[in-house]
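**Student:** Spelled out from the first residue to the last, the chains are:
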Amino acid sequence: MATTVIETRPDVLIDFDKESQGDVRTEEMLINMGPQHPATHGVLRVVLRTDGELILESVPHIGYLHRCAEKIGENLQPYQFIPYTDRMDYLAGMNNNQAYAIAIEQLVGIEVPERALYIRMIFAELNRIASHLVAFGTYGLDMGAFTPFLYSFREREMILDLFESACGARLTYSYINVGGVHDDLPDKFLDVLLEYLDYFEPKVAEYNQLLSYNHIFVKRTANVGVISAADAVGWALTGPVLRGSGVNWDLRKSTPYEIYDRFEFDVPVGLPGGSEGVPQSVVVGDCWCRYMVRVLEMLQSCRIIRQAIKQMPDGPHLAGKLKNLKLPDDEIYVEIENPRGQLGFYVRGDGSTIPARVKARGPSFCNISILNHVGSGCLLADIPAIVGSIDIVMGEVDR
Amino acid sequence: MREYFHNLYMTLKTILIGMRITLKYCFARTITLQYPDRPPALQPRFRGFHYFEIEKCIACDLCAKACPVDCIYIEKTGARKIDKASGIAKGGAMTRYAIDYSKCMFCALCVDPCPTDCIHMGNLHDHSGYTRESMTVEFTDLALEGLQTPQPFWMQSEKQPEWVKQTKQDWINRGVPVREEMLKALEEQK
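Residue numbers (this note's numbering), protein chains in the order written: chain H, 1 to 399; chain E, 1001 to 1190.
Hints may contain errors.
[Unchecked claim] Simulated pairs of lysine to any residue, SDA-like, Cα-Cα distance not exceeding 20 Å: (1) H:K71 with H:Y333; (2) E:K1081 with E:Q1189; (3) E:K1065 with H:T353; (4) H:K323 with E:V1069; (5) E:K1013 with H:P279; (6) H:K188 with E:Q1043; (7) E:K1013 with H:N208.
Hints were generated in silico from the structure; no laboratory data involved. All figures in this text were calculated on a predicted structure; none of them were measured in a lab.
Here chain H stands alone, though its shape is the one from the complex:
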């Protein structure tokens, strides 16, 4: 019997005889994937120990994009650190701004005006759509489908135009600030937003036809890189990766922050093959489930935004002066649901205007940790599929 056991995954037993009717073990080889590789979504280096096509080990090496973000936060006032949080998870700047702003507000005890809360939430959800559109497009690109990428970026461009009209930037927004939002909404913003939602929602069905149910795509992603629910919880995975494994856990629903408890929405989770709208070959927790959770979340975000537009109150958009806030001698840890998972900020004040300690919990950082666990035992071509489905942003992994 020519079986081989992978040290890191004792539960994976590969029977070479059964697979190939003969012993095909060859010399082991180390392959560097990245740091400059289009399928690693940034400067991620994965060292692969391979035996032919088979991956025995896949170790992510990180740190190429380290910019001391936390240390910078310990040298700047909170309102000055907001632009740096944009650059952590650069595909979801609004959500990062929001997380840090909430942390400081709760630490100092600032009451945020109602209107600001609604504006914040609309932008956070819009950013979630924009971020998932990138995840969707680039995942298609990783799997060899170029067209969906162009389509998703077309829709994302319109969201960026909306952002630009409100805050003047297209990527590093610094819009959500401590105590509210930087500017009030521009004229007719909500009308344009509604128009956009009417335009966007039918497009998701188009994406499904283009990519989600494409037979080649399903073959490449279904039953690949399966993460069981126990593994997902055990490795502290969050966001669509966790929900793809069938765990119904979304901070917006389970521990609602800000005003999320006022809206109706569903939390999409990975479903087994054969359920409604799921191909037969899909297994809960595989790449296809994680991908599909993102596509469905975009529609849920639209639903939330529609309700928020209806309830939008009038009033101020900022709770007074934000500068020279005295941070009390206290500590706080706040987590919010970022497009990639739970983004946490720990802030400790010491009575001065500058925090004594800032720590960020990046969802991508925790999610990438499972790569070796799911990667070993699969084939070389599945590694881009797994990395893409975890949807990491290296700016946040390295910070």
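Got chain H sorted already, so can you dock chain E onto it with the hints?
**Tutor:** Below, chain E alone, put in the same frame as chain H:
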């Protein structure tokens, strides 16, 4: 064998479904913006390279203090104060007002604290240079030429589409009414 042909059939079928969508867009209007020939569609709140009204600046250093990356350099010979009647700052001379754009991250935090509303985010979206030093824009030198915002290299060549010439003219026109005051800000006024 059967599975093989089933796969073939499904692949072809789903690709054709996708192709149908692509075909639909063959006859739709294109959304691509032909940028160098057409102007980029910038929103009014766009945060581009600053434009700076030197005649209103009292060199209070608030913008430099708010800057998270410390990229604003201000030097003056004495205290400056806004003259209530004309709205123009008087007093010491502005000897330097420079922004290092190799550091600037366009967060607009310098705009908010300004008491005289003299620094704004402009609508210039790109800038280039051959040296690192050229990335530091000396707004005091620009004031000598009657400009409030830097002019990038690419804009200085003659062969430009119409919208570039227009933008350039707009920038020059904006400085014309306060041309003399801009020059006065560079000297000491009692």
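**Student:** If you test the structure against every hint from before, which numbers come out violated?
**Tutor:** Nothing - there is no hint that the structure violates, so all of them hold.
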